[in-house]
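Protein chains in written order, with this note's numbering: chain A, 1089 to 1199; chain B, 96 to 208.
These are computed hints drawn from the structure, not numbers from a lab.
As the structure is a prediction and not an experimental result, all values here were calculated from the model.
There's no promise every hint is true.
[To be verified] With a Cα cut of at most 16 Å, we get these calculated EDC-like pairs of lysine to aspartate or glutamate:
1. B:152 - A:1185
2. A:1158 - A:1091
3. A:1124 - B:173
4. A:1155 - A:1166
5. A:1124 - B:201
6. B:166 - B:196
7. B:109 - B:173
8. B:152 - B:163
9. A:1158 - A:1090
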Amino acid sequence: GEDVEQSLFLSVREGDSSVINCTYTDSSSTYLYWYKQEPGAGLQLLTYIFSNMDMKQDQRLTVLLNKKDKHLSLRIADTQTGDSAIYFCAASETSYDKVIFGPGTSLSVIP
Amino acid sequence: DTGVSQNPRHKITKRGQNVTFRCDPISEHNRLYWYRQTLGQGPEFLTYFQNEAQLEKSRLLSDRFSAERPKGSFSTLEIQRTEQGDSAMYLCASSLGGMRELFFGEGSRLTVL
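Bound-form chain A, shown alone (with noise of 0.2 Å):
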């Protein structure tokens, strides 16, 4: 089955760029997914990307994905003190699929 890795723990200052970094082991997964958790809230959809592209990007968010490498990254630009959660990836085979989540980023912002 699907096996979602990603670095455990990020801090930067704000104003810098954070990058998060995803692989995965499944092929056939067709989305690939970013959530966000916030203490105390229930995940959200960030961004999702299909797998027939290389880049998505919205707004102060980039997606990258590496097909070849099975490898995923969420770029945020300009990180704010509100960026701090967690950040998990995610992936499914199709939309209708479940979705494997990965263990999450903790992503911290310095002031």
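We have chain A; now place chain B onto it with these hints.
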């Protein structure tokens, strides 16, 4: 609509007792998912429904766990004969079939003493 609702938010029980969690999805959503999350881990898939049909169950879901969605609306997750290893946050999510976004509730935290 206020989103996915889960009850109770926190349940403390003694080992060996049965517990039941309820999830009310967003009203028009036909897909409903249960996940389990332990501290420092990502959500682990347990099971999901399309309408009232249970489409897949994880191997993590032992025979002590059962989930139902009797009328294709709310769902319940029951854990029988709880063990300390069942202590976790149980997350419910819903989606509209074919749409890519899962909408999560805030979870039900189970503590087994």
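Here is how each hint holds up against the structure:
1. At most 16 Å may separate the alpha-carbon atoms for a hinted pair to count; residue 152 of chain B and residue 1185 of chain A meet this at roughly 12 Å.
2. For the suggested pair residue 1158 of chain A and residue 1091 of chain A, the alpha carbons sit about 11 Å apart, so the restraint of at most 16 Å is met.
3. For the hint linking residue 1124 of chain A to residue 173 of chain B, the alpha-carbon distance of about 28 Å lies beyond 16 Å, and the restraint is violated.
4. For a cut-off of 16 Å, the pair hint linking residue 1155 of chain A to residue 1166 of chain A is broken: about 27 Å separates their Cα positions.
5. Restraint check: the Cα-Cα separation between residue 1124 of chain A and residue 201 of chain B comes to about 13 Å, which is no more than 16 Å; the hinted pair holds.
6. Distance restraint check for residue 166 of chain B and residue 196 of chain B: the Cα-Cα separation of roughly 23 Å exceeds the 16 Å cut-off, and the hinted pair is therefore not satisfied.
7. Distance hint between residue 109 of chain B and residue 173 of chain B is fulfilled; the C-alpha atoms sit about 15 Å from each other, no more than 16 Å.
8. Among the hinted pairs, residue 152 of chain B with residue 163 of chain B is consistent with the structure: their alpha-carbon atoms are about 12 Å apart, no more than 16 Å.
9. A threshold of 16 Å between alpha carbons decides the hint, and for residue 1158 of chain A with residue 1090 of chain A the separation of about 11 Å falls inside it, so the pair holds.
The structure fails hints 3, 4, 6 (numbered hints given earlier, in ascending order).
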